[in-house]
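Starting from the two chains in their separate frames, assemble the complex, guided by the hints.
These protein sequences, in sequence, are chains A and B.
Reminder that position 191 of the first sequence reads as 191 in my numbering, one-by-one numbering, no gaps.
Counting the second sequence from 1 gives a position; my numbering is that position plus 1000.
It is worth saying that the hints were derived from the structure and are not from the lab.
A couple of the hints might just be wrong.
Said to hold, decoys possible - Not everything, but these chain B residues come out facing chain A in the computed CB check (under 7 Å):
hint: 1; residue: F1175
hint: 2; residue: A1185
hint: 3; residue: W1207
hint: 4; residue: R1211
Unchecked claim - Examples of chain A residues toward chain B, derived with CB under 10 Å:
hint: 5; residue: S80
hint: 6; residue: G108
hint: 7; residue: M167
hint: 8; residue: H170
hint: 9; residue: H182
hint: 10; residue: E190
hint: 11; residue: P198
hint: 12; residue: V204
hint: 13; residue: R213
Since the structure is predicted, the reported quantities are computational estimates derived from the model, not experimental observations.
All C-beta atoms in this analysis are idealised placements derived from N, C-alpha and C, irrespective of residue type, glycine included.
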Amino acid sequence: MTHLYLIRHGESYANADWENAVVPGLKGDKGLTPRGREQAERLRERLARTGKIQADVALASPLRRAWQTAEIVVPALGISLVEEPDIEEMRGGEADGMTVAEVKARYGLPDYRKEPYRRLSPGGENWGEFLLRAGSALERIAREYAGKTVVLFTHGGIIDASFLVFMGLHTLTPPPFELYTHNTSITEWELHHHEDEPPRWRLVRYNDDTHVRDLLTQRGDTPATPLPTEERGE
Amino acid sequence: MADVNWMVATTLHFIRHGESVGQVHGPVERRVRGMRGDGGLSPRGVWQMERLRDRLARTGEIAADVVLASTLPRTMQSAEILAPVWGLPLVREDDLHELRPGIADGMRYDEAKARYPRADFTREPLQPAWPGGESWGMFTLRVGALLDHVTREYAGKTVVLVTSGGVIHATFVAFCALPTLRLPAAWFATRNASITSWQVRPPDAVWPRTRLLRYNDDAHPRDERHDVKEEPAR
Chain A
1 MTHLYLIRHG ESYANADWEN AVVPGLKGDK GLTPRGREQA ERLRERLART GKIQADVALA
61 SPLRRAWQTA EIVVPALGIS LVEEPDIEEM RGGEADGMTV AEVKARYGLP DYRKEPYRRL
121 SPGGENWGEF LLRAGSALER IAREYAGKTV VLFTHGGIID ASFLVFMGLH TLTPPPFELY
181 THNTSITEWE LHHHEDEPPR WRLVRYNDDT HVRDLLTQRG DTPATPLPTE ERGE
Chain B
1001 MADVNWMVAT TLHFIRHGES VGQVHGPVER RVRGMRGDGG LSPRGVWQME RLRDRLARTG
1061 EIAADVVLAS TLPRTMQSAE ILAPVWGLPL VREDDLHELR PGIADGMRYD EAKARYPRAD
1121 FTREPLQPAW PGGESWGMFT LRVGALLDHV TREYAGKTVV LVTSGGVIHA TFVAFCALPT
1181 LRLPAAWFAT RNASITSWQV RPPDAVWPRT RLLRYNDDAH PRDERHDVKE EPAR
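Chain B extracted, bound-state conformation (with noise of 0.2 Å):
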């Protein structure tokens, strides 16, 4: 059976954040959350980590052999709450990091909007979102080639990595073939923290070389009352 070939893969869970502050809607609050305006995870966003680690301690579902974590404050909290379920270090890869905003971190969305011209990604998909900060497709190449080397590195191993919506999304550029230079025709809608995962298989092996186990998995409890969907860099 060719489907054992699968028993050879690197296996990958990505975790979104939990809800951060500032990712709450409204002209005010909300903001450029790079390096700088990121203000980490909100009272919500640390419970929903809980939640999650709850579960995933007792489910034992992810048999992790590493956890790797983006440097932004919201993602590196949320990794910090999950890893007791593993007893591992946390391992930084900057290349995790949400599409890069440039000047515009740690503004006010209106305020942003207001002093530079953003890039509108349906029409400029190869501009740069503000001033010194990353394009789409400069964005979706920094993550297939992360991808790239994270499968090779750990092959054969399971990979947590903790991240933000933008990168999950890239995800499935890279594992679907979508082209890489335009927004895909399809979006997605990726939860704090929920679960995607994929399998990937060595370059050599049969194909098809990856495959979706699951999207936006948050059955752990969660408030819905207050689920906020991030809106995508658009």
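Just chain A, with the same shape it has in the complex (with noise of 0.2 Å):
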């Protein structure tokens, strides 16, 4: 059995204030906040009391806000840390670093339900070609981690890339439903190999925010979304 713990990043200055912030991409992303790491900070003390995860790899994406969680949390797994850049969130293009204002005068906010197949600028992903890249990613860990326990430290968008992927859901447009999963929470899943069918993904659990409960961001009435949309740019 393969087991992948998802563990979103904790709030980041993007998080805090979108409507200041700039597209948190390699250039863009300023990183956590204090809360983001006392968030962080939580789950490694949660961690290391408990010991309930015993990794065998912790993975991490290079997005700042990303690593900067995985460097506080990783002490209480004992191991060390590696860059997986396929985890990152969903690549915003040469709009990575400008302001959500710039942004929509520049190239126009996208709304995915109606532009399914639309960049937020170029050099970016649409939807499908990150479902595509953070579904492969996620298959490539468990068939290289086969048997072993994963930690990823990474974002709202590739915890929703797990459930579709995962889930057999078609990927080329946004689906029905969204998650709401917070910072640091942890998802859990497990691959089941059975005789004459194909592996199975078991979701054991879901935005386990336990540790943080009292310490989510004030405006906790917003969704992990990974780039600027017509619906969150308002």
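Here is the structure:
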């Protein structure tokens, strides 16, 4: 059995103040807020105390908010951290680092319902491209670390992708449901192998935020949206 | 902000019953637990529900407007333990029933297997589990229709539904728009006395209509040594 633990990063500057944020790609990501660091410290303390996750490998997205979260938490796991670029959030392209207002003025904000194949800006990914990249990475990681326990320090979009890919949903247009993944929450999947059947993923838990219930972003109504959209941009 | 629209959503908290008599593995005790075979909660099951009751009373995290319970003994008994948290009357809802087993109800699994051909839902999801029982397709249809009814009847309210693992699995089928006439590509492992929470918006609201808030939340103290996962109907 292969275990995947997907951990969303702590509160980032883009999470805390979306209106004034810039597109948080490799260039624009300003990392964790003090609250985001505290959330990550809480997770580290929880994992160290319970010893529940006996991880063989820890992978982290290279985006600053995920990498910083990983650096704070990983001492509790007692293993070293490996960078995994393919568990980065949906890529925005050349809009990386621009304010939402600039993006809106230069490219307009996408509404993926109406234009699922639209990219935020040149060089970015559209929904289907993002899901293909994320799904391929999850499948590759599960194969490479078959039978092991893997912790991924990653993003809301990658956790969305795990649901869509493992549940076998359509990935060229956005799904009819959304997830509401809290900062530093744990989502756990197990891969089971059965005779004469394809391997099957099993969801063990989603959005386990026991350690930060009292420490969530004030604007707790904000889901983990990877990039500015028509809905989020106003 | 379109997010405001989630404030008009109906919130559904699904609670799986505590461990039941006969849920424990083993060829002799393990019985088909329909209306006849359900022996109610085991002592450990009672304990689990009391821990959940104490947690909910302490945190006040679920402000229920209505509490629905499946009519099976193990779910009614679980709901009765929780009821003082809200002081509301329990509404009996027969359509929250676990997959209906038909003629094998009350038999030991090995006995039932020897006497009747058991449909393997992996290969034949549209055949009844046992004669007179439900197929996977009938089950997901029944649960989907119930969820539609509940979200209309209690629009905008907070609803607690005390039910069985299979029904919680079927919420993913209905709310994530998974194929209904075959088993999901991924599976679930819903724990006793755990909470799974969804929000559903009115049909005319902006997309997406549903969102998952948490799955398998059993943060209240539990007797982990004895935690038993229910095997899904296969």
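Verification of the hints:
1. Taking 7 Å as the C-beta contact cut-off toward chain A, the hint placing F1175 (chain B) at the interface holds, the least distance being around 6 Å.
2. Given the 7 Å rule on beta carbons, the hint for A1185 (chain B) holds: about 3 Å separates it from the nearest Cβ of chain A.
3. For W1207 (chain B), the interface hint holds, since its Cβ comes within 7 Å of a Cβ in chain A; the closest pair sits about 6 Å apart.
4. Interface restraint check for R1211 (chain B): the shortest CB-CB distance to chain A comes to about 4 Å, inside 7 Å, so the restraint holds.
5. Checking S80 (chain A) against chain B by beta carbon gives a least distance of about 29 Å; that is not within 10 Å, so the hint is violated.
6. Given hint, G108 (chain A) at the interface with chain B, is violated; its Cβ is 17 Å from that chain's nearest Cβ, farther than 10 Å.
7. The interface hint given for M167 (chain A) is met, as the beta carbon of that residue sits about 5 Å from the closest beta carbon of chain B, less than 10 Å.
8. A cut of 10 Å between beta carbons decides the hint on H170 (chain A): the least distance to chain B is about 9 Å, and the hint holds.
9. Because the closest C-beta pair between H182 (chain A) and chain B is about 9 Å apart, less than 10 Å, the hint holds.
10. Taking 10 Å as the C-beta cut-off, the interface hint given for E190 (chain A) holds, the closest approach to chain B being about 8 Å.
11. The restraint placing P198 (chain A) at the interface with chain B holds, with a minimum CB-CB distance near 8 Å, inside the 10 Å limit.
12. For the restraint placing V204 (chain A) at the interface with chain B, the shortest Cβ-Cβ distance is roughly 5 Å, inside the 10 Å limit, so the hint holds.
13. Of the supplied interface hints, the one on R213 (chain A) holds, with its beta-carbon coming within about 8 Å of a beta-carbon of chain B, less than 10 Å.
Hints 5 and 6 from the list above are not met by this structure, while the remaining hints are.
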